[in-house]
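Work the whole structure out from these sequences, hints included.
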Amino acid sequence: MAYFTGILPFLLEGAKMTLFLWIMTLALSLPLGFLVSLLVRGRFRPLTWLMEIYIYIMRGTPLMLQLMFVYYGLPFIPVVGPWLRFNRLTAAIFAFALNYAAYFAEIFRGGFLAVPKGQYEACQVLSLSRPQTLTRVVIPQMIRVALPGITNETITLVKDTSLAYVIALAELMHGAKATVSRDSNPAAYVLAGLIYLVIVFAVTLVFKKLEARYRLREK
Amino acid sequence: MAVIEVKHLRKAYGEQEVLRDISFQVTAGEVIAVIGSSGSGKSTLLRCLIDLEQADGGSITAGGVVLMEDGHYRSKKEVRRATEKMGMVFQQFNLFPNLNVRDNLKLAPRLVKKERADALEERCARLLRKVGLAHKDTAYPALLSGGEQQRVAIARALMMEPELLLFDEPTSSLDPELTGEVLEVIRQLAAERMTMIVVTHEMGFAREAASRVIFMDQGRVAEEGSPAEVLDAPKQERTRLFLRSTLK
Chain A
1 MAYFTGILPF LLEGAKMTLF LWIMTLALSL PLGFLVSLLV RGRFRPLTWL MEIYIYIMRG
61 TPLMLQLMFV YYGLPFIPVV GPWLRFNRLT AAIFAFALNY AAYFAEIFRG GFLAVPKGQY
121 EACQVLSLSR PQTLTRVVIP QMIRVALPGI TNETITLVKD TSLAYVIALA ELMHGAKATV
181 SRDSNPAAYV LAGLIYLVIV FAVTLVFKKL EARYRLREK
Chain B
1 MAVIEVKHLR KAYGEQEVLR DISFQVTAGE VIAVIGSSGS GKSTLLRCLI DLEQADGGSI
61 TAGGVVLMED GHYRSKKEVR RATEKMGMVF QQFNLFPNLN VRDNLKLAPR LVKKERADAL
121 EERCARLLRK VGLAHKDTAY PALLSGGEQQ RVAIARALMM EPELLLFDEP TSSLDPELTG
181 EVLEVIRQLA AERMTMIVVT HEMGFAREAA SRVIFMDQGR VAEEGSPAEV LDAPKQERTR
241 LFLRSTLK
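Chains as they are written, first to last, in my numbering: chain A, 1 to 219; chain B, 1 to 248.
The set of hints was computed from the structure by calculation and includes no laboratory data.
Be aware that one or more of the hints could be misleading.
As the list claims (entries may be wrong) - Okay, the calculated beta carbon distance ranges per label pair:
1. G110/A - D232/B: 50 to 56 Å
2. L197/A - E121/B: 26 to 32 Å
3. H135/B - W49/A: 51 to 57 Å
4. R187/B - L35/A: 46 to 52 Å
Said to hold, decoys possible - Okay, derived cross-link-like pairs now, SDA-like style, lysine to any residue, Cα gap no bigger than 20 Å in a straight line:
5. K114/B - S129/A
6. K106/B - L128/A
7. K106/B - I139/A
8. K85/B - Q132/A
These figures come from a predicted structure and were not determined experimentally.
Think of the CB as a built atom: it goes at the ideal place given N, C-alpha and C, for glycine as much as any other residue.
Have a look at this one:
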């Protein structure tokens with residue numbers, strides 16, 4: 001027990017970093033994913049293709065590889081490379097945000113597809129403009145369908161942040177691993193696992209509340 | 001004065017012609033019942049009038065504003081000006097599930113006409129009373145019966161104060177016992193001289209409420225006249241066949 005309380009402050013430092021990475025990734029990838037889903041649906045074909053290629057690359061390669069590429073690989077690109085030399089945290093946020101935006105874009109796209117054509121037609125015959133149709137009618141319905149998928153990805157992201165240990169970012173997993181190596185005692189893994197569980201529990205509660213709110217508005 | 005005037009309207013989906021040379025006009029206060037078997041082009045006609053479908057040829061003028069002429073559509077702005085005086089009620093109601101009844105009614109006039117809140121509130125309450133749903137003003141569509149949803153949809157269309165109201169099979173997705181309450185509302189509008197075009201399979205309703213009946217067959221207006229002329233003494237063999245098939 002004394003050992004646990006001894007290593008807890010150090011692991012909590014790591015957990016702080018994990019949470020920061022998690023929040024920054026969400027703050028960037030949710031709006032970015034939304035934008036991408038709009039562009040995929042848009043009428044400008046080349047942009048649609050470009051976005052589809054982006055989604056394909058992000059979903060088709062390991063997140064760990066993307067992380068390593070952003071941190072170690074980008075600086076080697078000719079000409080622009082020197083400007084793409086990020087510190088560990090920036091590189092992690094950048095890679096996670098790009099990756100998760102692709103997944104969120106797909107979830108939003110599914111949500112848009114779930115809004116029946118009749119809703120757009122009702123808006124048109126009521127003379128609503130396109131932006132009004134989108135913000136007042138389509139997006140509120142799309143969000144309701146997308147929310148369970150968003151919740152799922154958001155929880156996955158809590159655990160995926162541990163991948164940042166490959167670029168030696170001082171987050172929770174990194175802290176646990178360092179502690180285990182130093183003390184030759186696997187207890188830090190157990191404690192780290194518990195901390196992840198607590199975080200996921202809190203996140204689940206928040207999203208359950210959100211989902212319930214969107215459901216209630218239907219009734 | 002013609003509320004809407006249609007000349008030589010044509011439309012095809014690929015090889016299949018759905019509207020072939022349709023011409024008619026509707027004057028203020030008329031109630032037109034459009035009847036015909038499914039696939040005869042009734043719904044497509046209605047949807048072309050309010051620009052939900054693109055026609056391939058012909059002219060449409062609504063409220064004196066040209067929507068299309070000889071197969072050429074006017075500018076988006078003009079098309080919008082021509083269609084904004086029309087309202088439409090769909091077979092599937094298409095209420096906004098994310099808004100309650102009152103907000104369904106007020107959304108469009110608030111955003112499009114930018115009317116004052118108290119004026120909107122007053123009209124909203126009056127129209128909900130008219131369709132008999134004043135007590136459901138804060139309910140969400142999912143909790144209403146089909147008949148109630150369709151009555152809300154009618155009130156929502158009326159909120160925009162249209163000069164012409166289009167109904168696309170307003171009772172076709174309702175249980176038989178719920179069609180009466182919806183038809184009653186439309187009858188009441190007819191009595192108030194609201195100009196309407198109603199695509200319907202309800203022959204009883206067409207007979208009582210319509211001032212004119214248009215029978216469509218294979219994309220053409222096959223017969224047109226008063227309900228007594230078309231429904232009781234049809235001149236065309238096809239009309240007779242259709243009417244016989246709808247008798248229960």
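Going through the hints against the structure:
1. Range check, G110/A to D232/B: Cβ separation about 53 Å, and the 50 to 56 Å hint holds.
2. Range check, L197/A to E121/B: Cβ separation about 51 Å, and the 26 to 32 Å hint is violated.
3. Distance hint check: the CB atoms of H135/B and W49/A are about 53 Å apart, consistent with the given range 51 to 57 Å.
4. The supplied range of 46 to 52 Å is met by R187/B and L35/A, whose beta-carbon atoms lie about 49 Å from each other.
5. At most 20 Å may separate the alpha-carbon atoms for a hinted pair to count; K114/B and S129/A meet this at roughly 13 Å.
6. The hinted pair formed by K106/B and L128/A meets the criterion: a straight-line CA distance of about 12 Å does not exceed 20 Å.
7. Annotation: proposed proximity of K106/B to I139/A holds, straight-line Cα distance about 18 Å (limit 20 Å).
8. Between K85/B and Q132/A the alpha-carbon distance is near 19 Å, which keeps this suggested pair within the 20 Å criterion.
The structure fails hint 2 only (numbered hints given earlier).
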